[in-house]
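A.B. asks: Let's have the full structure, built from the sequences with the hints guiding it.
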Amino acid sequence: MTAYILCFILFLVGLYGVVIMRNLVKIAISVSIMEFSTFLFFALLGFIDGGVAPIVNPAEPDKIYVDPLPQALVLTAIVIGLATTALLMAVIIRLYRKYGTFDIREMKNLRG
Amino acid sequence: MQGLTIIVKKTAQLIAGMIFMYGIYVITHGHLTPGGGFAGGVIIAGSFILITLAFGSDVLKLIKEERGTTVVESLATIMVVLTGTAGFIFGTGYFFNNYLPKGVVGALISAGTLPLYNIFVGIEVAASIFIIFLSLIIFKEESQL
Amino acid sequence: MDLSISIILVFMIVGAIYSIHAKDLLSAVITCGIVGYGLVICFLLLKAPDLAIVQIVVETINLIIMVAVVLDSSREERYARPDSKGFVSATAVFVMMAVLLYFFYASASPLDKLGTSTLRMAGPYIEGAAAKTGSANLVTGVVFDFRGYDTMGEAVVLVTAVLGVLTILRLKGKK
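Sequence lines, in order, name chains A, B and C.
My numbering puts the first sequence at residues 715 to 826.
My numbering puts the second sequence at residues -7 to 137.
My numbering puts the third sequence at residues 33 to 207.
No lab work stands behind these hints, which were simulated from the structure alone.
Don't take every hint at face value.
[Claimed, not checked] Per the computed footprint, the stretches of chain B lying under chain C, defined by three or more beta-carbons under 8 Å from a beta-carbon of chain C, are: (1) 0 to 13; (2) 70 to 82.
[What the hints assert, rightly or not] No more than 30 Å apart at the CA atoms, straight line, and that leaves these computed lysine-lysine pairs for DSS-like: (3) A:Lys812 / B:Lys56; (4) C:Lys117 / A:Lys822; (5) C:Lys117 / A:Lys812; (6) C:Lys145 / A:Lys777; (7) C:Lys55 / A:Lys822; (8) A:Lys777 / B:Lys53; (9) C:Lys55 / B:Lys132; (10) C:Lys145 / A:Lys812; (11) A:Lys822 / B:Lys53; (12) B:Lys94 / C:Lys164; (13) A:Lys777 / C:Lys164; (14) B:Lys94 / A:Lys812.
For clarity, every value in this text was computed on a predicted model and none was experimentally measured.
Glycine included, C-beta positions come from ideal geometry on N, C-alpha and C.
C.D. replies: As structure tokens, then:
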């Protein structure tokens, strides 16, 4: 139960960063922190006490395995997370070249 | 982009090949040991990124590399979809049907179409991440001209 | 298990808070690595070696991309004087965090204790996976056989993200 609560607190830290921070790089970091906490929550849900990693050894059939379904969902999501973070960074570097700052409030003043 | 010192170059030459081989091992044994197409693809992309960072390159050469990698990525994605469609044609009428013989659990040639998916997805992931890296580098180089 | 995961999670939370409040952008990006590499240890403790292998490589490449973006900028975050607007938004976000935490606690308390997972689909997948797919690694069996559509969708999303990066970072138009 403690691990679930702490995992959600990590998510809330990321949310705080997204709402409060004005620096675009900090916002990208906060989004990736939120992603990480979601991955960890999925992995926590599938864990079974005394289980082994879900790799079948035909010689020893009777074992308790950890649930493979949340791991399969997270496996693809991690690589997609890298691609979306790279997309965010591409937008950010383009904005920096145009306005010369990472600050979103200054960008709003410079517009027009 | 400039390269780094000769120590880094020699070390990268030694290590990058091993990283590449490890990525291929992770992909081809994806149905037996931990790993698979996604993990191995990212590892292979890491070896290419190491070489590019250590040796540096010319902008024109980087653009040529990017164009070639785009073709590879598109072909790999098409092959993933076609392998799924082959289950519809040769199997019993639904997509992603595992129609090849299963073999013995634990042998290298087993598990039907799963190794094919692993290989194609691995190529696709490696090409995608390398394209992202290359386009960032090309952008930085071109804007400094 | 609950205790060890919790200790690593506390470290990750401290690293995340420091990373959000750091003055220098480069140190913020590097401190973000604490969260990513801590996640690798958590995955290893939770018996998920596939995820650990992917995460440790992805985190490294993520750091390379972020550092490449940050390095050629001014790197310093200018100190912003706290004004009334910022104070209002800070109060709002703290109230929102408290409400969300309360609702998460209410919805997580009927959940199973850590280590006694009883997801409904776990049984059939584990029972049938090795015999039906012929794959010793159950995660690969689930990813490419039982959930094939999901994986194909993810591959298409990856291609779309790459197309977005190529479109945004192109300086000169092509014919």
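A.B. asks: Against each hint, give a clear statement of whether it holds in the structure.
C.D. replies: Hint check:
1. 0 to 13: Answer violated; 0 residues pass the 8 Å Cβ test.
2. 70 to 82: holds (count 3)
3. A:Lys812 / B:Lys56: Given pair lysine 812 of chain A, lysine 56 of chain B holds - Cα atoms ~27 Å apart, limit 30 Å.
4. C:Lys117 / A:Lys822: holds, 15 Å
5. C:Lys117 / A:Lys812: holds, 26 Å
6. C:Lys145 / A:Lys777: holds, 21 Å
7. C:Lys55 / A:Lys822: holds, 22 Å
8. A:Lys777 / B:Lys53: violated, 53 Å
9. C:Lys55 / B:Lys132: Status holds; Cα separation ~25 Å.
10. C:Lys145 / A:Lys812: violated, 51 Å
11. A:Lys822 / B:Lys53: violated, 38 Å
12. B:Lys94 / C:Lys164: holds, 8 Å
13. A:Lys777 / C:Lys164: Holds. Lysine 777 of chain A to lysine 164 of chain C sits at ~18 Å (cutoff 30 Å).
14. B:Lys94 / A:Lys812: Roughly 56 Å separates the two Cα atoms, so the pair is violated.
Hints 1, 8, 10, 11, 14 from the earlier list are contradicted by this structure; the remaining hints agree with it.
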